[in-house]
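*Asks:* Chains as they are written, first to last, in the working numbering: chain A, 618 to 1044; chain B, 17 to 461.
Calculated from the structure, these hints are not laboratory results.
Some hints here could point you the wrong way.
In the EDC-like style, the derived pairs of lysine to aspartate or glutamate whose C-alpha atoms are separated by at most 16 Å in a straight line are [as the list claims (entries may be wrong)]:
#1 Lys-134/B / Glu-931/A
#2 Lys-87/B / Asp-66/B
#3 Lys-87/B / Glu-681/A
#4 Lys-295/B / Asp-316/B
#5 Lys-745/A / Glu-931/A
#6 Lys-745/A / Asp-733/A
Chain B is nowhere near these chain A residues, computed Cβ spacing over 10 Å in every case [said to hold, decoys possible]:
#7 Gly-740
#8 Glu-782
#9 Ala-838
#10 Leu-998
#11 Asp-1014
#12 Arg-1022
Residues from chain B that keep clear of chain A, each with C-beta distances beyond 10 Å, as calculated [as the list claims (entries may be wrong)]:
#13 Thr-162
#14 Ala-235
#15 Glu-323
Where a beta carbon is used, it is the ideal one built from N, C-alpha and C, also for glycine.
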Amino acid sequence: MNTLEDGAPVIATAAATPPSGPSRRVSALTRRRFLTWSGVAAAGALATGGVALSWERLTRAAYETPLNPSSGVLVIVTLYGGNDGLNAVIPIADPRYASARAHLAYAPGEVLPLTDGLALNPGLTGLKSLYDNGSLAIVNGVGYPTPDRSHFVSMGIWQTGSPSESVPTGWLGRWLDLAPDPVKAVSLDPVLPPLLAGATTAGASLSRSALALPAGAAGTAVRGLARSSSDDGVWQAACARSIGELVTASDTLHDVVVEAQPSGDKGSSGLAEQLDLVASLVELGVPTRVYSVSLGGFDTHADERGRQQSLLTELDRALSGFAGRLGRTDRGSQVVTMVYSEFGRRVVANASQGTDHGTAGPMFLMGRGVVGGLHGQQPSLTDLDGGDLRSHVDFRDVYAATLDRVLGADPGAVLSGWSTSLDGLLS
Amino acid sequence: MTLTEQQAVRRAVDRVGLGLPAAGRSAAQRRGWPAVRDLLAPTGPDRGGDRVPAPRFRPVGPGKPADEQAKRERRQLLRANATALQTWWLRRMVATDQPFVERMTWLWHGHFATSITKVRSAQVMLQQNDTLRRLGRSSFTELAQTMIVDPALLIWLDGQKNTKASANENLAREFMELFALGHGHYTELDVQRGARCLTGWVLRRSDDHDQTDADAATAVLRPTRHDDTVKTFLGSTGNFGAHDYVDIVLAQPASAPFVASRVWARLISHTAPDPTTLKVLTDAYGPERRIDQLVGAALDSSAFRDEASSLVKEPVLWLVGLLRALGVPATAITDKVADRLLTGLHGLGEVPFVPPNVGGWPSAAGWLSTASAASRMGLARAVVSLAPDAVQAVAGASDPIAAAAAALGVDGWSERTASSLGTLRRHPAQLVALAACSPECVVSR
């Protein structure tokens, strides 16, 4: 039994199993499998095992070395699977959109209009409100040179910040290497994503033991204690309820197989719960500067419209709830949230009412200093690159802006000498 | 439903006795109420508590250094001293032979909630802790008169910044609102004038840094900073100082019921006392303002034996009670163990000497969040790992589930808890740890 130590390694050296050929099933792509296959997990500081920090450790850090009120906090939201950018930020005024997308296309009356002929997916009502009041930045057409359409390669590129050569470290891991301290970067996924792996330091994951129920008989017993009893007084009943809430939180946060399933029976993603926990940690003054959370299931090769819209709705509720909560506290206003996916999808729909792997896509940012509105450039639907969108903004320009403005770091030191930044995105 | 005599004794051990090992508790239950009276009136030195060595602090010295490296070192020193102080009190609460003394010290710590995060000096916090221990059961008059010029409280509530040239109302307001009178029983004008009564107190720090009490402080009145004029405060007029301020506040009719209700809320029930009970309490408190008489009357009241008079255990009291019930000796709380326990308390949201604000810690539902449920389970496992004998006793019992109730000082399990624990019959350590997190054990009923 784990008694006095709460720092069990989270990641052992990952055994790399290649994906099973080009026709992988939609449901096969889970975060864990991505992490295993990416190869990044086996390298860098992760090879020796990242640390798992418990809730208690983090709250204690908030007391001992509280978050500096002038420091920015970066929350990275990874959408695994390749979010279809064209159906998220929709070029609704472009007639070629409807013709290319056939059954997948939204009609002008269904979408949430922005400006410049663009509109948001109907699932993104909360983001639309944030956009309208100037707090949401949409960066259109983000990608990198010579796009790769493999989930694993492309996500590896986004997470390492290195399109041209394969490196064993994540971009925020290299930021950690500048002044090592695992508390500075925390993953709410139980498995540490490669983006937080540095050469000498890895970020921490919020310990599974923090909220996970014990396995076996003890887990069964905990669930049993959550039941109400006719013998309970009012406070004992409240105590039993709190155990019940723990069971729920544990189930949603720590079951790695919470990916959306193609059947549509996807259950809770846990993104809102992850962000809730992030908000709690920020409000407590935990000195973490980078949080990583994620939502999976965007690999919509088939029957995309309903599935993507429900995922985007989930994303929207989680993000707008998060923004609302953060807006109520001083510490909350130190946060910048950034949303990305490994690629967008092809312009033309496939025969299964879905789309296959593509290239450029939009990013979303909100929070302190974010200049709301449209940034970048919406890719043309006619000037295509082998049927795919051309990117106009290198994602490293967005990273550079967050490194500089949110984390106060030199982008060149993290992004291998990268010297440009997306102007006007962060004030 | 009214508690039986045995249940009432068990409840008293929970509420004013910091818990007892199974043997001590059953002995008290056999003796009945006289055992509770003895608990409330300890005599002589606290042999167990005094065996815990006093914390030794490293001198920090006054003033903030200029360069970053020295600042960092100073912060580390302050943190190490704070940890030594917290560790010492946890050990003392576990080791004490006079649990009522420590229980009341804890009660007043939550009442005059002062945080080391602002006071900084562990030595000054320890001075306050000694005051609370020394005066926590005698007369509230003496306690309040001492606290109004307590160095830690003066730092915490900006008392030393309160001068006739520039008044600071913090201490005057909080003393009335939170410590002695209650909101609504004074006006804003009384706050301003009360602050003038309290002007002029400053801290004189010990400057002998070779001594263990380096960084200690004493409060002294600087006449040049004191507002030496006639004030009208809460209906009285005179050239009042700090001690007059306290006398006037405590003489208000609302003060006694306020103090009695606060003690009641911490020891007896989350539900306020009914008017009849409150009258009994304030009568016992009386013109001498005897705290021990007040607590005695509360325990003797019929409401104390009402089954509904329940309290969600504060995390520190839950932890200390668990350590004591399982017979973990203070010597088992090594620095490393103490570090684990303190980390667990951070997760639960209650760490000695670090109340969140002057209002003190939350109560009741405040201790029943999802995160605290998780932290509590981790902490319970850590504690149980220190108690192999208690686990062995449960494992060897013919009915381990009932044995766990006896070990933890619970009258009995609900069917819900008994059947849940039943799945852990063959894992006695897990059984005891989880039982400690059951509603029956987290809530004192």
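*Asks:* Identify every previously stated hint that the structure contradicts and give their numbers, smallest first.
*Replies:* Hint check: 1, 2, 9, 15 fail, others pass.
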